[in-house]
Every structure is written in C-alpha cells, then in structure tokens.
Amino acid sequence: MSTESRADDPRSIEASDSTRGYLGADYSIKSWLLTTDHKRIALLYLASITVFFIFGGAAASLVRMELMTPRGDVFNTPDDYNRAFTIHGVFMIFFFLIPSIPAVFGNFLLPIMIGARDLAFPRLNLLSWYVYMAGGLFTMYALVSGGVDTGWTFYTPYSTMFSNTQVIAAAMGIFIVGFSSILTALNFIVTIHTMRAPGMTWLRLPLFVWAHYATSIIIVLGTPVLAITILLVAVERLFQVGIFDPAYGGDPLLFQHLFWFYSHPAVYIMILPGFGVISEIVTAFARKKIFGYTFMAGALLAIAVLGFLVWGHHMFVSSQSMYAGMIFSVLSFLVAVPSGIKVFNWTATLYKGSVSFKTPMLYALGFIGLFTIGGLTGLFLATMAVDVHVHDTYFIVAHFHYVMVGGMLMAYMGGLHFWWPKITGRLYSEFWGALSALTIFIGFNLTFFPQFILGYVGMPRRYYEYPQEYQVLNVMSTAGASILAVGYLMPLIYLPLSLVIGKVAGKNPWGAYGLEWQTSSPPSPHNFEESPIVTGGPYDYELQEFADMHRAVQEHGIV
Amino acid sequence: MWDFPLFPDSASTHAPRVDALYIGLLLVSAAFTFAFAFFVLFFAVKYRRGSRADRSNIKDSSPIAEAFYITVPTLLGIGLFVWGAIVYFDLIAPPGDSVEIYVIGKQWMWKAQHPEGSKEINELHVPVGKPVRLIMTSQDVIHSFFIPDFRVKQDVLPGRYTTMWFLPTKVGRYRLFCTEYCGTEHSRMGGWVTVMEPAEYEAWLEGSSETTGMAAEGAALFRQYHCSGCHGTNSTVKAPPLEGVYGGPVPLLNDPADPQSGVKLIRADERYVRDSILLPKNEVVAGYEPLMPSFAGQIPEEDVLKLIAYIKSIGRGRPTRALDDRGMDPGEGAVTNVTEITGMPQQDNGGNER
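One line per chain: the protein sequences are A and B, in this order.
First residue of the first sequence? That's 1 in full-length UniProt numbering, and the numbers climb one at a time after it.
First residue of the second sequence? That's 1 in full-length UniProt numbering, and the numbers climb one at a time after it.
In isolation and in its complexed conformation, chain A is listed as follows (with noise of 0.2 Å):
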C-alpha cells in the first residue's frame, strides 16, 4: 500500500506529522478509494453518510410541509406522500441512524482508544464501506425508479401482495447494507479481543469502545434475522408462497414478530454508541472521572441483552396474545432501569467537576435532557392499556423522534464536534458551534414536543390528510422543522470552512484523557509513533501527571 510505503520514508513521517497526518499520507483518489487506514475509511463513510442525510432530511422536509395544512397541497397524490415518507423512513434509519456513529467515529477512534494500529481486518474494514455504498446506491436507485410505498416497516401482507411498487429492489438494498454492519461489528469484536495494547484491560477500556462492543454483539445476533426476513418478503412477492398472506395459507403476523425481533434492538444499535459518545464527552468537559465506570458498563451490556426480549411491545394491538404481552411489558419497563443509571450517572458526573460549556458539551447536555425525554414517554408505550391507545399515532413518532434524533442524532453531533480537531486538525469557530447546538435544541423540541399531545388527542401517523381540530400542533411543528434544518445546515458551512480558516487545533485542544488525545491531530497513519503502554483507568483526570499534562498544553496557549 502506498501509504504504508511513505509512512516507511522517515522523511515523510516527518513532514506527514507535523502537518496533515494521515490526510497528508497520500493525496491521490486512489490512496482514498483503496486505503485500509481505518481513519481514511472513517472519513469515506463521513462523506456517504452525509449525502444520505441530507436525502433523508430533504424527505422529512416535504412530509412535513405537506402536513402543514389537513388537506393534500405538496403532493400531487396520496402514492407520493407515502413514498416520501417512505424515503425518510428508509433512509434515516438503515444508511444514517444505524450505521453512523460506529461507521465514523468507531472507525476512527476505536483502534486508536486501544493502542492499535488497525482494526484486526483492515480491507474487511475497506470491504464494509464498498459493500455500504452498494446497498445504499441500490436502494438510492429502487427510490428513483418508481420508490417504495411501504414505509420503512415492511408490513405484510401489503408489502408482500399488495404493493406495486419496488419493494424486493429498496429490500435487497437494506439486505445488502446488513452485511456492511455485521462486518464491521466483527471487525469491531476482534479487534477489541486481540488488539488491546499492553496493559489495556478490560476495565480499563474507554465506555466508547464497550458502547461499540455491546453495540456489535446485537449486530452480529440480531441483523442475519432481519437478512433471512427480507428474503422472506422477496420470495413470497416473487413466487406467491403462503409465508406472510392468510390467503395462500400464511401467518401475517409471523413478519412482524421477525421484523421487530431485529428492529427493536436496532433501536439500541442506535442508542448505545450514542451513550458511548455521551459518556466521553461528559467526562472530558467535566473533566472528572466518569460516576460509576463499571455499572455504565455493566448497563451498556445489560441493555445489550435486555434489547432482544421487548420486541412484542411493538404488538400489543395486533391480536398477540394477552399473555406474551404482559410478559413484553414487564421486560420493557425493566429495559428502562439500564437507561436510567446511564443518565444518574452523567449526572453524577458533572458534580463537583470542573465543567465547560463548549459546542460538544452544550450537544451533549441536550442530549441527556432529549433522551430523557424520549425514554420516560417509552414507560407510556410499555404500559399496555395506554399504548392501545397511542399505539400507531403520533405520540409514537414524537417519541422515537426524542429517542433516534434527540438522542442519537445529538451524540453524533457531539460527537462530530469533539472529534473534529482529531480528525482533521483544525478549530471550528466556537461560536457558530455552539448557536448551530442551541438552534438544534429549540427546533427540535418544538418539531416533536407538540407530536406527543396530537398523538394523545388521536392523529394517526402515516396520514396525508388529517381532520381540520389537528392543524395547529401540526403547523407549530413544521414551524420548529424548519428551525431545526437551519440548526443542520449551520455546520455543513463551517465546519467544512474551519479546514481553510480554522485554528491548528494541536493534540489536545479539550485538555482531555485518553489514548487518542495523547497522539497528533490528526494522527499519522499508524496513530502512533509507537506502541502505548497504559498504566491506568480511562478517565484519571485526578492524577498527578494529567495535571502537568494539562498545565503544559496550555501554557502552549491552545485550550
């Protein structure tokens, strides 16, 4: 590989270091297109799951003018309301929400947090990323060509029977990508196992690398389900086998029972790596040692495990029997206990530390105020005798919205900001951070906020037209989208601008703990110049030698 062979040159080491690290290892498209530095592939997926993004938001966008008014005024017909709901659905979920942060930030960060090299596969590493790019261009391309009308759900029989529209195209899409995930979370597990530094325990691993560890183990159980129950739909449309429809002697619910065995953990394929982020940004800006390490471990785990026994919650109106939902709403309300040390903790965190309020701070203060949110409203769906009645309305959108984008989406910002000097090199403008955080917070809160009372008040989702008394939670909601997507377009400017005109960020801009901090923003190719001895726990803000460490970068007047 060329960037193994410059990184050979002593010379180049040199020069690669102290200016571009491994951004300037290289600088041809092939050294991109076929690199195995799990930091240029970080940055691949960076740039594809931005475009899809922004394909996903458009959508949104459009659903949400549409609903500004009872009566269908954007759309042209009902069939392109349910595709562009559809397009968000699907895309925001297999190609941003799921694979994001471990994709980006997992990628980048994690061999580096352990004192590796690499990952243990680096072209798996490579592999993943084609094979990402291959399911998300097929489902790009089943959109374009007439799209999907089912939602992102799938349901059988309609998806299976009674849909005309490409459904087996955007499906195999999705199968596609779930190979991208089980890849990488492989890749994520070995390299965990096998490549820790010398001293580098178990409980001496950063809550970001056990958040993408408990993260991985769902992947690798809980995708192949999903795999095996989209082939399911392919055949059954395909050759009119009685799997799903009742009519050629099928189960229709047996599709939502695999569906949701899947895409209920899922949800925690999103959230965990997100509380990994939060753990790390919480601590660093505290700077305090994180409360409770090993019970915030212990609870990604648990939540890890917990995740695969809820998914009949998703079920209690489908005519599943009375008693497998009581079982699935006791577990739920157990679920919430793991979620509920997380935020004790971080809470805990901030006393008596010594706490800034930078951009990826005030994200991720947002952020414990968001998922709070969108976890206490998930006790109302667990509670069987009010999820009948809220079940399939908009309190359901409003809460996996304070759940998926409050929570997941802010730890990806947070995250995207305290790591944005590592990875490129450069100081954004705080400012505009911390206004973009703010504008996100407000518009956010009044896009989804008024969601919970028209869901309780009875507007379904999934509706192209709605009775006239809904209108104006409606309108106040499109109202705070609209906020919402000029918080979103604020960094797509200055972030990409901070490389032209941004500070030299230095190592250690944040004065934080931790491997990655201790090597060259960015770092060299290899991360680092030699291998890491560590000696101590993730988060040793009160030791001695942190604090010179500190006191000496700063004295360099960086912080």
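One or more of the hints may lead you astray.
Here are the simulated PhoX-like cross-link-like pairs (lysine-lysine), alpha carbons at most 25 Å apart as the crow flies [said to hold, decoys possible]:
1) K46/B x K352/A
2) K119/B x K106/B
3) K130/B x K111/B
4) K170/B x K111/B
5) K238/B x K281/B
6) K111/B x K352/A
By construction, these hints were calculated from the structure, which means they are not laboratory data.
Please build the complex by placing chain B on the supplied structure of chain A, with the hints as guidance.
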C-alpha cells in the same frame, strides 16, 4: 378553527381509566425530567470551570447511590406495569351481554353489519350505555380500528377474527380511523361512530332498509352454497349436524388423517366455524371422514360472517371463551386434554389454529 386540543373527548368507560393512567405516567415522567434538568443545570453552573465551588473529597462511584437508583426505578416500573395491566384486562375482556357487530376492513373502507341486518360503510351506530363487541376481520391487508374518544384500538387482520369492545357513555359522533398503514387511501379510511339513545338505536335498526337479519341471510346462503345438502337434517351424506354445535365442545381427531390418533375437544367459536368452512380438512370432527371441500376463495368475508351468524342462531349460545380474550390463539386455552376419555396419549398436531 384554531383550537388547541390536549385531550380527546372522553366517551367510553375506558376513557377515564386510561386518562388516569396517562396522567399518572405524565406526573412520574415530569418529576424525573425536572429533577434531571434541575441537577444537570445546577451542577453545571455551580461547578463551571473557574468557579470557587468546593471540590474536595471527590468520589467516582457509590454503591449505595447505585443500589438506590436501580431499586427505585425497578419498583416504580413494576407498579406502573401492574396498574397498566389491570386497566388492560378490562380493555380486552368483554362483558357477556354485549351487542355484537361484525366489521370488515378492506382497502379502503370499513363495512359494519349489525346482526339484525343493517349494513353501513364508514359509519357505525351503537347504543349508549350498552357494551358493544366488534368481531372484525380484513379482506386484504392489516388495518387497525381506532376510536380515539373511546381509547380503543385493535388491529384487523386478514384470515383471522379479532375482537374489541367498548361501552359508550355519551351520545354523539366520534371519529373513527384506520391506524395501520394500508396503502394509498390509508388516511381516508375512516368515518364516524354515532352513539344513540337505546330507543333511537332500535328505531334506527328498524328504519334502515334491511329487513332480514344476518342469521336469516345466512340461512339462505346455507342453502345457496349447498351446505344444507350435506349438513341438512334430511341429507344422505354423512356430515355432522350443526344444530347445537356453536358454543359447545366439539370432539376432533388429533390427526385428521389417522382415525386412531385419539380425540381432543375444542370449543366451537367464530374462528372454528370460519376455519371449518375455509380449511375443512384441518379440524375434522371425530367419527366423520374428511370429505368436505374447501370454500376458500369462493365465499366473500361478508358471507362467511352471515353463515356464522346462522350457525350461531341454531347453536346453544355464546361460548364462554369465544375468542381468547383478544380474539386470537384459541388453541392455548380452548383445547382440552381428553386423554382420560379416549385412553390414548394426546398428540398435539400443532398449528390447528392456523
């Protein structure tokens, strides 16, 4: 026009109970949210970088605190679960004396049929103060029957009967929605539930054009589809007579292909009658040959419902556990082990309810 609703109308006996639970959950959630918001902001400001707050004696874990915030949410969660389950039981267990109405969902309309014969589309007329039980099925995809003002919702599936019940408490007109996404006209698949005084309801039933009841129509269909040729009293073909069957236990062969496989008892409910028409070889009455041809694809759902109404009318009454509470999986509770009767070990052939 610019109204700002916070609650839907409260028009059934479920509504106040679900609302109370909802408010209870709101209070718990609000308490946690405000507590977190307060502590996060308080700590963040008090211990902001450069402040002179006391930072001595820092702890990085506390088993007592952690035990506390595992136990309290767990107990709170179990409490809420129990409360929710109690309300839920009433939501799914209909009283014995309900008015029964049949509902069929199809892309994209709701068809309702009253036992007395009246039919309506995207409208449902019910009497106030009387429990109403809906027996629902779908002709194509999954739909979901939702009346927000009553706080009731139930998916409606093709190939299965689901039931739901409510007791309207206020005369008026209430919105009816389909909440399971079902294609192009999903958002237009709704209508109104009209709650009337019982006397008015009776007048409405009589005033609507249909004069024959569902059972009478079913009796006509029973002849039209030649069911009476075999099941009729004067028939020469050996088929089980249907008088008195509905509601009672029916002896079935464990394995329809093997007369020696032993017998189990199953209660004849709506699901059983429907399957006997559409999948007659699945559950064969002991002592009879599996001769009956399947009527799947030949009888529309409405006619199946009328046939069921007819067979109900000549049966012995409503089974005690008609459809397992929510109208599914009757196999779980309805199959009785009759090993003692037959002296044969019972073999569950599984899937008899599919």
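Comparing the hints with the structure gives:
Using a Cα cut-off of 25 Å, the hinted pair K46/B and K352/A holds, with the two alpha carbons roughly 8 Å apart. With a C-alpha separation of about 15 Å, the suggested pairing of K119/B with K106/B holds against the 25 Å cut-off. At most 25 Å may separate the alpha-carbon atoms for a hinted pair to count; K130/B and K111/B meet this at roughly 21 Å. This hinted pair checks out: K170/B and K111/B have alpha carbons roughly 23 Å apart, not beyond 25 Å.
A distance of roughly 15 Å separates the Cα atoms of K238/B and K281/B; the hinted pair therefore holds under the 25 Å criterion. Pair hint K111/B plus K352/A does not hold up; C-alpha atoms about 65 Å apart against a cutoff of 25 Å.
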